[in-house]
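Line by line, the protein sequences are chains A and B.
If you want the numbering used here, it's the position in the first sequence, counting the first as 1, plus 18.
If you want the numbering used here, it's the position in the second sequence, counting the first as 1, plus 161.
Treat the hints with caution; some may be incorrect.
[Said to hold, decoys possible] Pairwise CB distance ranges, derived in the manner of DEER restraints:
1. D147(A) <-> K288(B): 19 to 29 Å
2. I277(B) <-> V53(A): 26 to 36 Å
3. A119(A) <-> D187(B): 38 to 48 Å
4. G221(B) <-> A135(A): 21 to 31 Å
5. A119(A) <-> D337(B): 23 to 33 Å
6. N80(A) <-> A340(B): 21 to 31 Å
7. Y342(B) <-> K79(A): 17 to 27 Å
8. D61(A) <-> G220(B): 38 to 48 Å
9. D147(A) <-> Q222(B): 16 to 26 Å
[What the hints assert, rightly or not] Not the full set, but computed from the structure, chain B residues with beta-carbon under 7 Å of chain A:
10. E270
11. A271
12. I277
13. W286
14. Q305
15. N309
16. V312
17. N313
In case anyone wonders, no lab produced these hints; they're calculated from the structure.
Heads up, the beta-carbon is just placed ideally off N, CA and C, and yes, glycines get one too.
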Amino acid sequence: MRTALAAAGFIAFGGSIASAQVPDEVLPPHRDPDVLVTNVQLDDLRLVIDDLGGTFLAAGKNDAGSPFVFARLPDGLTLGIYSVCADAEATDCRGVEFMAAFGSGLSYQQVTEIDRAFSAVSIYKADADTVHVSRYVILDGGITWGNLIENAAVFDALCSKVAERLAYGPPKPAQTASQ
Amino acid sequence: MRAFLAVAVIAATMSFTASADDFTADTSLADNDRVVRSVTLEDLKAIAVSEGHEITEVGGQGDVSLRALTPEGLIFHMIGTACDTEYADGCLGMMVQVRYDSDEDVTTEAINNANISYAAVSTWWDKEEKTVGVTRYIILDGGQRMENLKVNLQNALSLGPMVADVVWPTDVSDDDLDAYYEWLNSGDDDQ
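Produce the complete structure using the sequences and hints provided.
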């Protein structure tokens, strides 16, 4: 939003730009990929969305007080990013879970077969008509910010593949011409 | 009812024909402060040994892989993934796996319940190989401290038996679960 506003202002004053002092463009917050992260707060979760080019939808706290956000990514995936905190004050949050939900009536067997195909995420039936895709990142000891973003990007990419499998079911054995 | 892979035990015996040097490790590679963006077999060996585990096989699941035994007798695997790509030497991912023989008591619903119960690992069932597996998959792109990889290993090894208790329900008490979560959140390496 701030980038868009800055661009709009730039266009509006375009006629006199040669002599005007162009104000510094207001950039969204940025974090160096090499920064080590050992815990996250709400602002960090929102920064993950920004780094993915996503759209912030909502934020909240669960019953334990751990912050979470909902977002929509450029490819259309809507996901939740949940912190997992070790203290009641939710100041020591050393886990991050990416989760997306898909409507699907596939059986337990079909879903476990899909889960078997994707080692980096966990795929399970949350109820009769819903399948969850989840990836959990442990922050203890420290990971780089770039690694956290890469985890999110991999989750996004795998969700696309899982969604295809959920829509069409597990691949069937190839049939020969004689069959 | 549930048993660690008997095949693994046989293979462990056979692997003693290999050089004993295969199982040594330079534990300085596992220094907590070292930041890694990919791992080699030597890194996996260093992590396992520095955590007090005994390596019983190397290379069984690919060039960058090992099997090891915890002091409590739990067999686990560490497996490099996405290895030797154009992006990096070594492997850009690694898995920690605990495996169990499956039997007639395993159901897809139980596997599903395990995935609901423990988010940090993925529980899977290979019916053809008659194996139930618990995998913690770690993406290394971008980098993390070695201490983080050790904590990932600790979590996988703690969760393996707990997943097994979901797949093969036993009388795990709420106190046991509370003790695990207390340890998980304590940051204490001692289990």
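Cross-check of the supplied hints:
Distance hint check for D147(A) and K288(B): the Cβ-Cβ separation is about 25 Å, which falls inside the suggested range of 19 to 29 Å. Take I277(B) and V53(A): their Cβ atoms lie about 33 Å apart, and the range 26 to 36 Å holds. At about 45 Å, the beta-carbon gap between A119(A) and D187(B) stays in the expected band of 38 to 48 Å. Checked against the hint of 21 to 31 Å, the C-beta distance between G221(B) and A135(A) comes to roughly 22 Å, which is consistent with it.
For A119(A) and D337(B), the hinted distance range of 23 to 33 Å is satisfied, since their beta carbons lie about 30 Å from each other. Distance hint check for N80(A) and A340(B): the Cβ-Cβ separation is about 22 Å, which falls inside the suggested range of 21 to 31 Å. Between Y342(B) and K79(A) the beta carbon distance is about 19 Å. The supplied range of 17 to 27 Å therefore holds. The hint said 38 to 48 Å for the Cβ distance between D61(A) and G220(B), and at roughly 45 Å that hint holds.
In this structure the supplied range 16 to 26 Å is violated for D147(A) paired with Q222(B), their Cβ-Cβ distance being about 37 Å. Taking 7 Å as the C-beta cut-off, the interface hint given for E270(B) holds, the closest approach to chain A being about 5 Å. This hint is violated: A271(B) has a C-beta 9 Å from the nearest C-beta of chain A, more than the 7 Å allowed. The interface hint given for I277(B) holds, since its Cβ lies 5 Å from the closest Cβ of chain A, which is under the 7 Å cut-off.
For the restraint placing W286(B) at the interface with chain A, the shortest Cβ-Cβ distance is roughly 6 Å, inside the 7 Å limit, so the hint holds. Interface hint at Q305(B): satisfied, since its Cβ lies 4 Å from the closest Cβ of chain A, which is below the 7 Å cut-off. Evaluation of the N309(B) hint against chain A yields a held restraint, the C-beta minimum of about 4 Å falling below 7 Å. A hinted interface residue such as V312(B) counts as satisfied when its beta carbon comes closer than 7 Å to some beta carbon of chain A; here the least separation is about 4 Å, so the hint holds.
Among the interface hints, the one on N313(B) holds; its C-beta lies about 6 Å from the nearest C-beta in chain A, closer than the 7 Å criterion.
In the structure shown, a violation is registered for the earlier hints numbered 9, 11, in ascending order.
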